[in-house]
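> Sequence:
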Amino acid sequence: MGFDFQFYLLDIDSDTDNIRIFGFTKERRRVILIDKNFHPYFYILPNSDAIVLAENIKSFSTIDDKGNNVAVKDVQIVNKKIRDDITKLVKVIVSKPGDVQLLRREIAKLPGVNSCEEYDIRFYRRYLVDKGIVPLSLCKARGELIKQEADVDIIELEYLELIDSEPISDLKIIAFDIETLCAKTTPNPKQDTIILASVYGKDLRKVLTWKRFGNAPNYVQFVDGELELLEELKKTILQQKPDVIVGYGSDNFDLPFLVERAKKYGVSLNIGFDGSEIDINHRGITSAKIKGLQHLDISHFARNILDLNVDRFKLDSVAQEILGKGKLFKLNPEKINEIWEVALNEELQSLAEYNLVDSQLAYELCLKLLPTQLQLVKLIGLPLADINRMSYGQLVEWFLIRNSKTSNLMIPKKPSSSEIYARQLNTYFGGFVLEPIPGFYQNVAVFDFRSLYPSIIASHNVSPEKINCECCKLHGGMDAGNEVFFCSKKQGFIPGLVQDVIDRRNRISAILEQTSPEDPAFQELKARRYALKTIANSTYGYLGFPGSRWYSLESAKAITALGRKYIQLVIKEAELFGFKSLYGDTDSLFVLVGDKKPEDIKQFLGIINSVLPKPMELEYRDFYPAALFIETKSGGRGAKKRYALLTKNGGLILKGVEAIRGDWSALAKKAQKTAIELILKEGGPQGAALFIKELIEKVKIRKVALEDLSISVRLTKATSAYAAKSPHVAAAELAEKKGYSVKAGFAVSYIITNGTGKISERVKLSEDATIEDYDIEYYVEHQIMRAVYKLFEMFNYPTEKLKGGQTTLGEGWN
DNA sequence: GGCTCCCGGGG
DNA sequence: GTGTACGGGAGCC
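Numbered by this note's numbering, the letters in the first sequence go through residues 2 to 815 in order.
Simulated from the structure, these hints should not be mistaken for laboratory data.
Ideal Cβ positions, reconstructed from N, Cα and C, are used throughout, including at glycine.
Accuracy of the hints is not assured; some may be wrong.
Simulated restraints, written as ranges between beta carbons of each label pair [stated by the list, open to error]: (1) S170 with T287: 27 to 33 angstroms; (2) A151 with A522: 37 to 43 angstroms; (3) E600 with G805: 19 to 25 angstroms.
30 angstroms max Cα-Cα, derived DSS-like pairs, lysine-lysine [said to hold, decoys possible]: (4) K242 with K290; (5) K132 with K415; (6) K406 with K132; (7) K236 with K27; (8) K82 with K415; (9) K292 with K242; (10) K791 with K804; (11) K656 with K642; (12) K670 with K802; (13) K212 with K326; (14) K326 with K527; (15) K615 with K82.
I would like the entire structure built from these sequences, with the hints used as guidance.
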């Protein structure tokens with residue numbers, strides 16, 4: 002007879018036979034729970050009598066490639082919903098997770114078998130779904146203590162139940178980072194050495210290093226060599242007993258590197274709960290697991306889920322974007338070697354600090370992102386480390402899998418690679434775009450649909466199993482065009498879930514409106530809303546994603562078709578109401594306000610929303626005093642997704658304008674941005690023209706900052722691999738001659754110098770250039786003018802005048 | 001144009 | 001191991 006206890010599940014896996022749960026009690030005692038009563042299974046869809054087939058399968062056994070007998074453990078007849086039909090299935094229960102693939106392949110050959118189902122669900126995930134357990138949420142359990150160790154109780158589980166679905170947020174987190182020496186190429190653990198390692202936590206700052214230097218800060222701990230560094234790092238982690246270990250790029254770099262170096266010295270990095278080694282998984286996505294706790298490589302979540310305005314997902318830029326601060330300083334890999342060799346006190350000191358700050362950034366990123374990740378854990382029910390590495394599609398997929406249990410729905414299989422390939426050939430239309438007439442406009446209102454695609458899914462019952470149902474054939478379902486309709490009698494699986502997510506999100510929004518940002522609940526509520534939004538907004542994409550289990554081309558097509566229908570309806574109604582439509586894209590419409598009053602706008606929304614099916618809703622997004630729609634490069638037409646807006650409080654919104662990105666000099670970017678801003682604020686080109694004229698004057702008399710002239714480009718390959726010698730390649734060759742290790746990814750910064758001949762023959766590295774070097778004509782013509790001429794052409798302003806006014810055109814312009 | 005190959009992050 | 005990422009950009013023909 003066991004004892005009752007409560008605990009939080011942190012990690013879960015299976016050994017060859019059983020599920021193992023790693024967690025901690027309310028008193029923070031670590032526990033390992035072994036569940037011997039949960040067996041792997043899959044389903045057989047019969048094409049004849051299920052009872053006869055079940056009897057047949059029950060006695061089935063085969064021999065594996067090691068000569069062992071592998072038998073079916075038990076069978077059951079169960080009813081499950083396949084698409085929309087209750088179907089009799091044979092549930093085949095087997096002894097070990099490893100038996101599933103062999104038995105399903107062999108049983109598939111038996112007569113009377115139509116297909117095998119649900120054999121492609123990882124065992125520990127199956128367990129969580131079937132038991133309804135949510136990681137990090139309080140569970141009650143009963144079990145028998147089978148072994149008590151200093152750090153952990155090992156319990157054989159008899160009973161398990163979730164009692165609170167709110168994940169615990171009080172987790173012990175430590176971040177870590179290593180620095181290594183490296184020869185010319187990327188660091189290689191076979192030859193390169195770890196010289197520093199840092200850990201950072203709530204009350205923890207430590208840098209381990211094996212070259213002594215004076216005036217070391219108190220967080221520095223000297224060790225005798227790399228071996229001792231590894232041992233000390235291991236000791237620190239074991240002492241700290243973290244729930245979460247976080248790094249940046251640690252799946253691919255830090256942990257594999259540590260493991261490889263430890264192997265060289267014969268050191269065992271057995272820091273798992275159960276004394277197991279770090280497990281570097283090279284199948285699929287490389288991930289490093291530390292058994293019993295959660296290793297997070299926060300770069301995955303930054304890349305996959307967060308919508309960040311960065312061009313590369315480096316720790317520095319991601320931290321800058323999320324935390325508003327970056328690395329301590331920019332450090333070339335070559336410099337690390339140099340610092341280590343020369344070994345000046347001051348430089349070693351700053352290297353140690355650099356190393357600590359990297360850990361600190363990973364730690365703070367984790368703290369900042371954890372509330373959202375925990376809400377996704379709650380919603381989807383998979384371990385934190387899994388959620389951290391998932392893409393949108395996987396989040397939706399597992400949200401659906403978790404919820405298929407309550408609907409007794411059979412989980413569709415993952416498509417085969419040939420199926421994925423076939424699906425990829427299908428293309429379909431996306432959102433509707435109303436092209437803008439290029440030009441300057443004043444008093445612009447923007448309407449947009451609140452969650453257009455999720456609200457279409459919910460309102461039109463868009464679900465694969467509800468397409469062209471028998472029950473609505475005569476009396477009409479929800480028409481989606483293309484001879485497709487969706488059932489109007491019974492809510493589908495996906496619309497039901499999406500409607501629920503929308504409702505919950507709306508409720509949280511309402512609460513948030515009443516909550517002050519200083520309220521401790523505020524961030525928590527925002528995280529909840531963000532998690533719900535992420536799932537809702539990804540569902541449309543998931544239905545059209547070729548790798549999806551619930552792939553439905555017809556559903557995806559219907560969603561965009563309905564989206565086009567509704568935005569076009571809004572455009573038509575807006576015109577009827579007396580608005581002039583300027584620009585629309587998928588779910589938004591820009592209109593001229595004209596003589597319309599706020600109450601007219603309200604009335605218009607009322608008219609539209611009274612005809613929209615719930616939960617579809619058009620909202621008044623914002624008002625802009627001025628807007629500029631920019632011409633396409635070829636001219637004549639308004640470019641899609643390229644415009645500038647002036648906000649009520651004088652702010653500037655730039656969308657798709659080329660100078661805000663790409664390989665332009667800061668000079669050109671500033672010129673374009675300021676010109677746009679002046680045009681928007683003044684309603685005409687005069688001020689902007691004056692500004693550009695003055696800027697060009699400054700360029701001509703060399704009164705500009707050298708760094709504004711630098712053009713930075715990142716190499717995509719070695720210089721020798723480029724066929725054409727473009728300026729950045731020429732610049733990279735100069736860097737190579739200076740002894741830089743120039744390879745793919747190298748960022749080269751150069752200016753264009755005086756002289757004649759090709760541009761590529763006139764490059765100079767920014768670091769070698771002086772203010773006398775740059776070519777005035779190039780920076781005026783190819784940087785400033787190229788960035789701004791379209792803006793002036795829109796007003797028929799003679800662009801020649803900007804450069805000194807040697808023109809007779811454009812009388813009246815000054 | 002397609003099709004294939006390679007890369008990301010890390011030092 | 002209830003398996004074999006993924007999406008985009010550049011190079012190649």
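> Each hint should be assessed against the structure and marked as holding or not.
How the hints compare with the structure:
Checked against the given bound of 27 to 33 angstroms, the beta carbons of S170 and T287, roughly 29 angstroms apart, stay inside it. Between A151 and A522, the C-beta spacing of about 39 angstroms keeps the proposed range 37 to 43 angstroms intact. Between E600 and G805, the C-beta spacing of about 52 angstroms breaks the proposed range 19 to 25 angstroms. The straight-line distance between the Cα atoms of K242 and K290 is roughly 15 angstroms, inside the 30 angstroms bound, and the hint therefore holds.
Simply put, K132 and K415 have alpha-carbon atoms about 22 angstroms apart, close enough for the 30 angstroms limit, and the pair holds. Distance hint between K406 and K132 is fulfilled; the C-alpha atoms sit about 10 angstroms from each other, no more than 30 angstroms. As the CA atoms of K236 and K27 are separated by approximately 25 angstroms, the hinted pair is consistent with the 30 angstroms bound. Of the supplied pair hints, the one linking K82 and K415 holds, its CA atoms being roughly 18 angstroms apart against a limit of 30 angstroms.
Restraint check for K292 and K242: the C-alpha separation of about 12 angstroms stays at or below 30 angstroms, so the hint holds. Only pairs whose Cα atoms come within 30 angstroms are accepted, and K791 paired with K804 is accepted, the gap being roughly 15 angstroms. Pair hint K656 plus K642 holds up; C-alpha atoms about 6 angstroms apart against a cutoff of 30 angstroms. At roughly 20 angstroms between alpha-carbon atoms, K670 and K802 fall within 30 angstroms of each other, so this suggested pair holds.
For a cut-off of 30 angstroms, the pair hint linking K212 to K326 stands: about 29 angstroms separates their Cα positions. Of the supplied pair hints, the one linking K326 and K527 holds, its CA atoms being roughly 22 angstroms apart against a limit of 30 angstroms. With a CA separation close to 28 angstroms, the supplied pair K615 and K82 stays within the 30 angstroms bound.
In summary, the structure is inconsistent with hint 3 from the numbered list given earlier, while agreeing with all the others.
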